[in-house]
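Can you join these two chains into the complex? Each is in its own frame, and there are hints to help.
These protein sequence lines map, in sequence, to chains A and B. Quick note on the numbering used here: the first sequence kicks off at 41 and runs consecutively. Quick note on the numbering used here: the second sequence kicks off at -12 and runs consecutively.
Since the hints were made in silico from the structure, they are not lab data. Each statement offered as a hint is correct.
If you anchor each label on the Cβ, the simulated ranges turn out as follows:
| # | chain 1 | residue 1 | chain 2 | residue 2 | range |
| --- | --- | --- | --- | --- | --- |
| 1 | B | Ile100 | A | Asn164 | 44 to 50 Å |
| 2 | A | Glu171 | B | Arg673 | 19 to 25 Å |
| 3 | A | Gln166 | B | Ala502 | 48 to 54 Å |
| 4 | A | Asn75 | B | Val551 | 52 to 58 Å |
| 5 | B | Arg673 | A | Asn164 | 24 to 30 Å |
| 6 | A | Asn164 | B | Asn427 | 31 to 37 Å |
| 7 | B | Phe149 | A | Thr168 | 50 to 56 Å |
| 8 | A | Asp128 | B | Gly559 | 47 to 53 Å |
Just so it is clear, CB atoms sit at the ideal spot from N, CA and C, and this is done for glycine as well.
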Amino acid sequence: MTDGMRIVALKFQLNGKPVEMECEAEETLAEVLRNHLNLNGTKVSCEVQVCGACTVLVDGLPVSSCTYLAYEARGKNVATIEGLEKPDGTLHPLQQAFIDDFAFQCGFCTPGMIMAAKALLDENPQPTRAEIIHHMDGNICRCTGYVPIVAAVQRAAGVMAKESKK
Amino acid sequence: MSAEKKTDFHVVNHSIPRRDGRVKVTGKASYVADLKLIGMAYAKVLRSPYAHAKIVSIDTSRAASRPGVYCVITGNDLEGLNPYYGHAVKDHPLLAIGKVRYAGEPVAAVVAIDERTAFEALEFIDVKYEELKAVFTPEEALAKDAPLLHEKQFEAGALRGFEGEVTAGKGTNICQQHRIQWGDVEEAFKKAAAIVEGEYYFPMAYAYAMEPYVAIADVTDQGVTVYSSAQHPFMVRHDLKSIFNLPVSKVRLIVPFVGGGYGSKSYTKIEPLVAACSWKAKRPVKLQLTVEEAMLTTRSDDAYTWMRTAVDAKGKIIARQAKIYMNTGAYAENSPLVVEKSTNRCVGPYAIPNVLIENCSLYTNTVPASSYRGFGCAQVTLPGESQIDELAAKIGKDPYEFRLANVAKPGEEFFPKMRPFDGTLKEDLEIAAKAIGWKNPLPEGHGRSIACSGSDAGAYPLTSTVVRMHADGSVTIMTGSTELGQGSHTVLPQIAAEELGVPFDNVNVVSSDTAITPYDRSTGASRTTTLMGSAVLEASREAIQQMVVMAADVLKVKVEEIQVVRGGVRCGEAQLNWSEVITKFYALPDGEVIGRSYIRKSGKFSQLPVFWEVACTGVEVSVDQETGKITMEKLVTVGDVGLAINPALAEGQDIGAATMGMGIGLFEELVYEGSQLVNGSILDYRLPRFSDLPKEVELHLVQNQDGVGPYGAKGGGEASLNSMAANIANAVDRAVGVRIRQAPLTPERVWRALKEKKK
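Next comes chain B alone, as it looks inside the complex (with noise of 0.2 Å):
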């Protein structure tokens, strides 16, 4: 399957030390939060008391007059701009247009002298507000006589990233659908041996990045420039592009040191509204949210789940069932790629013959759902994995052994027209069962559980970088993927010192300014060390290559006679290293050679996805029937990656996603009551800490290079979060005898099982 299997590897292979490793431990690393530009004014934002109302009327002027104050901006105040955005649909106002439809959105903002003067004015801004009737659930959304969201009619993002068409603005609240179908699920059920069935439902989570949103917009006659803690900001760019009219190369998105993504500052969040900020005040303009307000920013889709599965008599699964409700909030965002996402994920990493999964994303006055690390996937891993223990249960089998019997095998179509399955799951479980100690005895109210995921990562092939090769021997990579932390700046010169020949320390990396760096879509779906990584080989064979023609120019002989060695070429007696090669021929010891690669959908990434993103986890806990609480006694993640170009960022990628999905599957959720989060700040909303760590941890990576990345490397990152949450909920019914449904399994929801269940 992969396109070479080279194991004498010089750099790739390597746990090399983070190149952004001295920066960030000395505290000179910069983020968006410390930049400043001359003349910088700073922003506040009001925001919607009201899930859904009509704004009557808006008046500015105290506000605008306090001293200080250099402006303030409302949704009316935008003729001239387009202002609605998105690339999925353009439904999003980048400030509330007549009407607001969550509690938190973004209604008027204040540019001043300094933060607190802009925060000060914003009480003095009137907004007069005709309460409208709201909906919070998909349910909700979808009654006869619900209020309408949207009511007007959307244009669809060209930039949606699927091939489908878009549902929403067609007259109802429904945001998209998606269904998948093959073979006779209804024939299929009739004939089954045994057949589980039930209700799900997975949380809204947050991210927390732990920097919040910020970004720093300068729009003059130049064009629109933009500094942003954005995961994708060549997507921004081109919703920036049609808010201000304006071409491409006038627009230029500049991304630092992200301080963590995890898929929440994918797409355009806040850089619009900064933009529009800056526009109308003629300077630089920063805006910073608090963890409060990033938290009416984003969150992941809540997800209502009905799923059945059916086996025969032999133990084969052999049908799937789903219908899901995602609850999307006010706007789409990405949350049609979501549902596609996690439609197709329900099928898991299964070969099932009988599959129909229909998926419906409602608009709802809740804050906005986007993407997610792992997006859509741990949503339907929950039911899905959840059903085959159940399943297993019912058969009487091991769950384990059942597993091993039914997941997709090297080299299987297991899904209709996409790539064949390249991951080794067999050998993956068998790795976190021995790992796990899946047949050791177990003390009472201990349980454990084994389970896997497989997502259609990678997202869409459009990647293009370049590689300069100085004429000292050094190289320059200018990527577009951003360094969110998961070490794009160190893995990428990993691949281009291994191919160049040149260490690993003269290798630095520019990225992510849209002005300088070449085009990449997006940094997400685990997609950068195989596309990206895959560039930047390309581009450094591609140097290699012009190289070769420059040394036969200097040794004045054929192309044919020049033979490349690692670092150089050799041509019988003479041999010269890159460095020589280039100061030969322009005879300055000055001047570079740029290699170049552009990735598309051809070739090994014409078939999506772009790889199988396959991983297991395996966890032992202990339930404390007094008082429901989970213990965490052991974790065990195994990621299919093909090759870790540096495992250890590899495993913490594992260990990082994983601990993520601990967390949701213990007491991450944002709870809505009535109108309001209420659980909106770090001091109420739950996360995982030092003291949450599991008793042990085991990490292991799977290493076959079956991928179609760099010497058969396939993405990770995401993997290990998804099947966390139905490892949880099954380890608790192996302990304890009870099945829960629901993620957080909050000490309340498994004592109040426990409770059930001795009646």
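Bound-form chain A, shown alone (with noise of 0.2 Å):
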């Protein structure tokens, strides 16, 4: 309805699965992922950057995808919060102690939460406790205080640590 919008088209994949598709140039991750792509476990809060609730993966980086241009992400590896939990309904190692140790009350923020403790984990797979709040700073949680997340990034460190070992 847009005056003069502009349709592009994009190609992308999305959670290890490829997407081909169209969406005016303006739109952003957020706005293709929850409006065209029914995935709306990514949240949108403050839509300015601040709050961390929209984070996703881009080729392993935590983004803003309410500030991102979907077309910026043609050609890159998507990753949301959707495409964490295996096929035959295992949790990954992160959801599970988000769970373990109560670390989200309303769950707002978590799909966001969990997404920017994933790509701390993949760099870092052992973070010190001041890491883990260095990383994830730029993610806002307005129920838990905080205590209970870092409990669980903790957690499914160490979880992880074990799995490769085996």
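In structure tokens:
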């Protein structure tokens, strides 16, 4: 409906599967995920790249999908919360740790929080408490006071270390 | 005090993982923002640039004729509706009518095929305003030549939640007044051995529920259906029923998961506007506010408090007097109740024989204030708990010992006509002192503080529920309580599983659909575990009673011969579980038994408050004397919760609340410059982040089963917020010797106070 809108073709990998679609040039990655691809796990809150709720991974790096143009993702690998669970229903160690440590309440920040934590653990499998706090500082949670989230990231790191030794 | 002290729990009092865990960590949990209805249109709101102005004219023709726009609605289009709503005072038009009362007030809405089309049409609405003189503080609102915000008389809301009269709409800008008095304050201050007196300011705060206000309305000849991110769907239903002049049965509120509430989503917010959009557009309409718009929708009341407190020669507090002016903004919302609560909460959890508290809230041309976690308590606990420390210092006493000597005792009738004190504050304080290391030596520039609060909590006891026992032995709880993240979908099934003797995993919850779930007044004031928990417990027991009768019928014996055992019944040799009872009774492996309960203000709930919400917090801070920056070295919470149905969830409430309180103590504050909110964005409004986490955190629960709730439970979830700002102010004083009577204690304020001290 927008005057002069420009439609662009978009191809990228989403949670390991190819996506081919069209979108408006000014649409954000969050809009494309939520409105076109029916992936509502990615939440939008501040819309100004401050709160981290919309965090997804692009080529393994955390980005705020609320301000990242979908067009920028072309040819890249996008990972969202929906891609973490294994096909057999096994949760990612971070997801399980968030449950075990009560690391969420309302759950609105949780998908972004888990994706940000995944980026950390993929890069640094055994982070210190200080490293977790530094890395996660771009994600806001209003419910938990952050204490159980730090615990969950530490727990997941421990579980992943054990799994990798197997 | 408690009805029963049971200790051999199977399900209750265990930290069972959250029922909503898996959907929330996989991104499958649905919030209103995620919902779409077939044929749904989208609305966007045009807001007033002026704080106080007459609307001379609105021309919507250019906007309405744009492609993709279904309609534009303004205050001139509301004929046929009762456009003013409010559960306390019916002062709030769903769109500005004739004038605007704050910068940011909704003036018109565009309904269009998509959000962007609606947004782009807003600038084509032509509004002519005639600016009026505006007031922004209680002092300005009280001035003789102050302009009047509301000219008309108001109908008092039937569900205002307190027994007193409504003050609003009587020819002044006063929104509400409240006063409590006992003893003889003047005489007590004359006799006092020491007195402290001071003025304090508690700021406007923004709750920042990360999911901003969002609602979808579908208005048809069948009635009004609204999906909303609302804490109290039944209260919203009441407002919509009167706006549309419909019977209750034709208004339906549905609340899926809520992305944070903290009081900011209590009572009616954007639902009337969205419903009016749907009514005019004749199709379902969704309105999703941005965070910036949410900041223009609700905030907490800021409070200017003068207080004095007196002590006798033995160190006993003998009197407290306070005058409070609260800034309630342009509309009353829940502020009349906040006024009453903050008045009561000035007494704190102390037994004080002479008390006079006068409280007055004023309409101003600012964002409407309403509930905020712990409402009214944090505003007055900053002065109250600051003065406890100031008094202790004045008479040379340790503030911790001074508190121990003055806090209300278990069972003490410390507040006239209210429920006797049902907490154990001495024990709580001792735990906090031990955890914070009260007597341990401190490095230079460090300070500690322990503070407490006591709130008349639980709101009004009116709650009902249905517990359905199915033929396969599984259970469905129908509850009007909303899952905001506090864990009601976990705690309520724990109680049903405990009572019915069935596995927790077999108990499901259906919640917050006013057409389906029985009435529950609200989800707030920490009431759900106590009131809805009691309702679930009683409904479970009522189902058991019915199944005992059914078992007698099945076994062809007298009812008296049936003995209830965990998960079923026994009669002599015969033993049946619930599934067998129901299946044999109906002679089909299907069907159900419906247990019901109605909680009202009677029996153990006849005296208010439902419970005293009690907690203490302890902090250790360090202060950088060069910059004034405060670092949180340690945080301790002690929740006096009676019994934690789920200890991990109870602790989660405490640390969450304490962190919000810490935010206000350190940096959170909405700032007005003239008519404009200057930090109305998350870029500018500073919130606690990971890097603000105290270096050490210790969480404690005190479980004496002394509450009226299930198994002696009481509510939690607000109390740990209330004392935090006072705690930080007290700890800063003990660290560097400056007394700051205003929150937040920003580096600049601390630095200025230190500079002033050096003079």
